[in-house]
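Novice: So you can see what is in the structure, the chains are spelled out below.
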Amino acid sequence: MSSEDGSNALEEFKTTLDGLTFNSRPIITTLTQLAEEHMSLAQEFVGLIENRLEKCVPSQKLFTFYVMDSICKNAGSPYTIYFSKNLHKLFRKTYLLVDNQTRTKMISMFKTWMVPLPAGDLMFDHSSLNSIENFLIKASALHQKSATPPAIQQHTAHNGPAGSNITVKSLLSDIDKLALITQSKLVSTPDDAKLQAKVAILKQLRQELQKERLAPEFLSQVHQQLKQIFAQEHQQQQQQQQQQQLPLQNNSQFLPPSSQGSVNNDMSRGSLQANGNNGSMFGGSLQFNAPFLNQLTNSNRLNKLSSLVNMLREKELLHEPGEASITTLAAKLEPEFDSSKTVQLPSYSLLQDILGDLEAQRQTQNLDILNASVLQLSQQFVLNDNHPITEKLVHFLYRAKPNKCSICGKRFGNTLEEKELEIQHLDWHFRVNKKIKGIQSNTTTSTKVIQSRNWYLDENQWADFKEEDIIATDIDTGAAEQQPTFANNREDSTDAIYTKLRNKYIVVPDYATDMKFQCPICTESTYGKYDEDLGEWIWSNCVQVGDKFFHATCYYEAAKSQQSNTSSSPSFQNLQLDLGIFNELLQ
Amino acid sequence: MEFVEFSEVSETTKTSSLPQGHEWTVQVPAGSKLTVIVKYGIAEILGTELANDVPYTFQGVIVNIYAIERSMIEWKCLEELEPKVSENKSYHAYIYNLNFALERLRLSSFNGPRVLIVGNASTGKSSLAQMLCSYALKIRHYQPLLVNLNPQDGVFSLPGSITATPISELLDVESSIWGQSITTGATKLHNKQPLVKNYGLENIRDNRPLYLSTITQLASGVQQRLKNDPIVRRSGVIIDTPKLSHLDTEDWSEVGHMIEQFDINAIVVCAESDDLAIELSEVFRTKIGSIVRIPPPGSIIAIDDIMRRALQRVQIREYFYGTTETVLSPYTMGAGFEELTVFRPRNISEYGEDKKDVDLTVFDKIEVNSSNLQHAIIAITNISRKESQDKLNTASIIGYGLITEVNDSKKKLRVLLPVPSRIPDRAMILTEYRYLE
Ligand SMILES: [Zn+2]
Ligand SMILES: [Zn+2]
Chain A
1 MSSEDGSNAL EEFKTTLDGL TFNSRPIITT LTQLAEEHMS LAQEFVGLIE NRLEKCVPSQ
61 KLFTFYVMDS ICKNAGSPYT IYFSKNLHKL FRKTYLLVDN QTRTKMISMF KTWMVPLPAG
121 DLMFDHSSLN SIENFLIKAS ALHQKSATPP AIQQHTAHNG PAGSNITVKS LLSDIDKLAL
181 ITQSKLVSTP DDAKLQAKVA ILKQLRQELQ KERLAPEFLS QVHQQLKQIF AQEHQQQQQQ
241 QQQQQLPLQN NSQFLPPSSQ GSVNNDMSRG SLQANGNNGS MFGGSLQFNA PFLNQLTNSN
301 RLNKLSSLVN MLREKELLHE PGEASITTLA AKLEPEFDSS KTVQLPSYSL LQDILGDLEA
361 QRQTQNLDIL NASVLQLSQQ FVLNDNHPIT EKLVHFLYRA KPNKCSICGK RFGNTLEEKE
421 LEIQHLDWHF RVNKKIKGIQ SNTTTSTKVI QSRNWYLDEN QWADFKEEDI IATDIDTGAA
481 EQQPTFANNR EDSTDAIYTK LRNKYIVVPD YATDMKFQCP ICTESTYGKY DEDLGEWIWS
541 NCVQVGDKFF HATCYYEAAK SQQSNTSSSP SFQNLQLDLG IFNELLQ
Chain B
1 MEFVEFSEVS ETTKTSSLPQ GHEWTVQVPA GSKLTVIVKY GIAEILGTEL ANDVPYTFQG
61 VIVNIYAIER SMIEWKCLEE LEPKVSENKS YHAYIYNLNF ALERLRLSSF NGPRVLIVGN
121 ASTGKSSLAQ MLCSYALKIR HYQPLLVNLN PQDGVFSLPG SITATPISEL LDVESSIWGQ
181 SITTGATKLH NKQPLVKNYG LENIRDNRPL YLSTITQLAS GVQQRLKNDP IVRRSGVIID
241 TPKLSHLDTE DWSEVGHMIE QFDINAIVVC AESDDLAIEL SEVFRTKIGS IVRIPPPGSI
301 IAIDDIMRRA LQRVQIREYF YGTTETVLSP YTMGAGFEEL TVFRPRNISE YGEDKKDVDL
361 TVFDKIEVNS SNLQHAIIAI TNISRKESQD KLNTASIIGY GLITEVNDSK KKLRVLLPVP
421 SRIPDRAMIL TEYRYLE
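Protein sequences, first through last, are from chains A and B. Residue numbers for the first sequence follow the UniProt record's numbering, beginning at 1 and rising by one. Residue numbers for the second sequence follow the UniProt record's numbering, beginning at 1 and rising by one.
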């Protein structure tokens, strides 16, 4: 076989392999034949396949494994020997990246490798296979925590321990009511993004409930959450109505607070406690608890069954699978296929954000720190790990200001003043960002902005300093220019000038073979450095005057002292300083 | 059901899901870089909430991420790290209680609380100071004054200094010195403006009189500022102190001095048991309104001498060169020996029998040469070289320089300065800190 044949075969193999973007038997067969015909290229083929396993998108990795599998089963050694080397690593890596359906297929494939060949031995190196098996056993143990066989799932759906009479139908009607309230609010404030999102979520939740068969416990948690939101909506609405009615009908009788309960009853069909936790400042659940939300996470969609499984396990109703082993793993994964086909719920974080914000507002309504005399700097109060008032007040630090800056994490509230601050804040980020990234052009060069630390203020300057000079958002990105430097030196070390000077650079000329120049003023040598942005070697802080190179800063100082005719140091006197360049430096 | 998930996405990027109330703690070795992204949830670092989907990088520091709500973080580091996840709800509940009690004091007076935090090593003093400042920013636009009296730590400055800094905007969680003092350009977060005084020695026991007088100097600036600045005054003062083993715990001379100089009205004791709080309340009964003890958090990573030194190097580096986010360009300046006037604080270990007669607050002028100055950090004062040297005792520090090269035969040296300027015509004070680039 000529080497040309070889490289042709290699090329063909590679092109064909690249075409394996779907599960194609013909392609796999072609590749297997090529591998059989060109045993001398085995190492190269193995390299190509391993490379593809590393680089291709997760959804295509399985097909590449199939190629490997097919080649090994048909062509055998030396392919099996070469593949054994990295098999464990590649298998493990791939397994972690792919979805559960693919994982099951990988496990099925793996099971075939554990079947001895006619000669009695296994196809791949034993240690390699052992480590894959160990890995899979560990992985399956993880799955066991959340997965449960379908038979049990069905069983519990009928005889759920929750045993409540909450039905999908009752929840749907709750959702409809809530949607109605939210939508009517949206009419008055049509631009409210939170409300819009809420409507969308309710809609999605509705669809989801209709689609999926859900555990009673899950339903009851949805129900609890809806109840809370409902109570809050109702309270807000009532307050609004009262405010509106107040000036008009002074004598009209307000509903007593307890009547809020009737609304709850109305929506919740008896099985609920009637105390909506909107009344007392300290009552009710204080922390927004998210089990319901946990159940909606995409990454953990099986979690919604895990608590149920635990309960069953406690009552010994659950058949515990024996020692975790490879042969049972595939079965355990199967239930996940069905759930993975269902429509995705909104992301966990979105739900957590919206419901959390609502909760925080509910908790912090009418809360007054000044009047809360329990807030004492005393041992008794401080060493209290679940004081109800603190659990409410904590919301002030977080979600009571629901608008979180996506750049720095700072929070802003919903009042007009806070909204204004938020706009200014974002504007500030924008300007700062532009300045950080921005290109500053001057007469000779355009360079990235270089900055340095300023001198600290002395005691008197500091005592008179106002933070407003730093944090005022209408000031152009901080205090560079207004920043006082230490008094006596202010004149000759204005930082802006020096920054400008140091930004001057000269591209190292070709004839400078030693890559350095010696500044005639300070006699220091400066070496060139590579500037990534320019793609050139440069001398920074450098200016060319005639055929001489100076430090821009040295030149500036020398020229300045000559110009002002003060005592110039002896070394400057024999220099012909070009004041035109001096002026240019300052531009 | 809460359990910590840990799953590997690839060889370098890992995700950790943090249940509510759990803290993720890791020490990033000097020289390696950790990047963390909060994928969802509310997570904070010492009271500063992290933005979501924004990468934060950490180098050579200890990182504590606390999950206010169930959060998912994604992190990567080339080095193998071993993060610890621990439940820490109670500790944080105490801090919240403390914060809201302080908040109420701010609301009810024009003079905010003045809090001194004391405790042994690794009891969470600095973290507590940082959290109290960060929380104070959140409800109203307060500007609490953060005072660091631990000269082995650098807060907006270098180790060797003690500082006072109004915290008027978010602290920089990525920074080893809590954020940047004023720079010449734009920075991602707002700069801070510290008042800096120099102690310069490594150990307080080597010159207690100088330490006390440096505190007096810092406090006089602070009192002046509080007089001028109603917002800072109302926001109050939070003071972090050196570990107790560095202080005189027989006569409590330094603690007493701090209480007096800063008009302290509340002490927070970071300790496992009540003993210290009881002793302090006996000693300072007449002066202090409240003494509250906070037990140390379970998640603490004790800092040993080696880590302390590594951290100090990181801080020195950051002072001159900034962070990956805010790159700073220091400036190397050549100078003749005759252009520098350098003094050195006295060190009690150098005196024998006559210890008692020596005024330790006096500075000695030293010769400029390589054996004195090579690789040394020098504090640049605001006092002119020509002025009388007893003014040094009241000097403010305008910045620090690093002597990178000393050539005794040419009588020339090179100084790394944070600011692009000539060598300031100021008296300088040699510190005990050295840094080899
Ligand atoms: Zn921001
Ligand atoms: Zn020069």
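A portion of the hints provided could be inaccurate.
[Claimed, not checked] Straight-line C-alpha distance at most 27 Å; calculated DSSO-like pairs for lysine-lysine:
hint, chain 1, residue 1, chain 2, residue 2
1, A, K55, B, K14
2, A, K55, B, K33
3, A, K105, A, K93
4, B, K33, A, K516
5, B, K33, A, K529
6, A, K560, B, K412
7, A, K500, A, K419
8, B, K14, A, K93
9, B, K391, A, K437
10, A, K466, B, K188
11, A, K89, B, K410
12, A, K138, B, K76
13, A, K466, B, K33
14, B, K365, B, K411
15, B, K33, A, K435
16, A, K500, B, K188
17, A, K138, B, K84
18, B, K410, A, K516
19, A, K548, B, K410
20, B, K14, A, K89
21, B, K412, A, K529
22, A, K105, B, K14
23, B, K39, A, K194
24, A, K89, B, K76
25, A, K55, A, K85
26, B, K84, A, K93
27, B, K39, A, K55
28, B, K188, A, K548
29, A, K435, B, K188
30, A, K437, B, K188
31, A, K419, B, K188
32, B, K227, A, K93
33, A, K437, B, K39
34, A, K529, A, K516
Source of the hints: derived by calculation from the structure; they are not laboratory data.
Novice: Which of the numbered hints are not met once you compare them with the structure shown?
Specialist: Of the numbered hints, 4, 7, 9, 11, 13, 28, 32 do not hold.
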